[in-house]
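Under this note's numbering, the sequence shown is numbered contiguously, ending at residue 168.
Don't read these hints as lab results, they were simulated from the structure. There's no promise every hint is true.
To be verified - Pairwise CB distance ranges (calculated):
| id | residue 1 | residue 2 | range |
| --- | --- | --- | --- |
| 1 | Lys74 | Lys155 | 37 to 43 Å |
| 2 | Tyr111 | Arg65 | 17 to 23 Å |
| 3 | Glu93 | Ile158 | 17 to 23 Å |
| 4 | Phe154 | Glu109 | 19 to 25 Å |
| 5 | Glu106 | Ala151 | 25 to 31 Å |
| 6 | His98 | Ser153 | 38 to 44 Å |
| 7 | Ile56 | Glu109 | 17 to 23 Å |
| 8 | Tyr111 | Lys166 | 21 to 27 Å |
Beta carbons: idealized from backbone N, C-alpha and C, even for Gly.
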Amino acid sequence: MQIEILKSKIHRATLTGANLKYIGSISIDEELMEAANLIENEKVHVYNITNGERLETYVIKGVRGSGQISLNGAAARKAETGDLVIIVSYASMDFEKAKSFKPHIIFPDHNNKLS
Numbered sequence: 054m055q056i057e058i059l060k061s062k063i064h065r066a067t068l069t070g071a072n073l074k075y076i077g078s079i080s081i082d083e084e085l086m087e088a089a090n091l092i093e094n095e096k097v098h099v100y101n102i103t104n105g106e107r108l109e110t111y112v113i114k115g116v117r118g119s120g121q122i123s124l125n126g127a128a129a130r131k132a133e134t135g136d137l138v139i140i141v142s143y144a145s146m147d148f149e150k151a152k153s154f155k156p157h158i159i160f161p162d163h164n165n166k167l168s
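Please put together the full structure from these sequences, using the hints given.
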């Protein structure tokens, strides 16, 4: 049996931008991507703590070390710069393997930096 479990989580990140004129996705600082075990083009769910919006999109690499987290394209209508968000991805895996799997969860500061 396969089940879906939490794979990666960036908890309470601050949106640094919302670019309506871009062709979709969420830009995430490459350092945060690596720390959270996310890869470019991976599907993610974005939960906006500030306004309650929820959406799905895919990841593109943001500038390394910039703290960038920017919603692009139509998703930009669901958030404003400064909103707090949770970004998560899930993985499908065998039930028994899932029992011992440990997700990558990170807690950036208000500037989207890791301590």
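Do the hints match the structure? See the list:
| no. | hint | result |
| --- | --- | --- |
| 1 | Lys74 <-> Lys155: 37 to 43 Å | holds (39 Å) |
| 2 | Tyr111 <-> Arg65: 17 to 23 Å | holds (21 Å) |
| 3 | Glu93 <-> Ile158: 17 to 23 Å | holds (20 Å) |
| 4 | Phe154 <-> Glu109: 19 to 25 Å | holds (22 Å) |
| 5 | Glu106 <-> Ala151: 25 to 31 Å | holds (29 Å) |
| 6 | His98 <-> Ser153: 38 to 44 Å | violated (23 Å) |
| 7 | Ile56 <-> Glu109: 17 to 23 Å | holds (19 Å) |
| 8 | Tyr111 <-> Lys166: 21 to 27 Å | holds (24 Å) |
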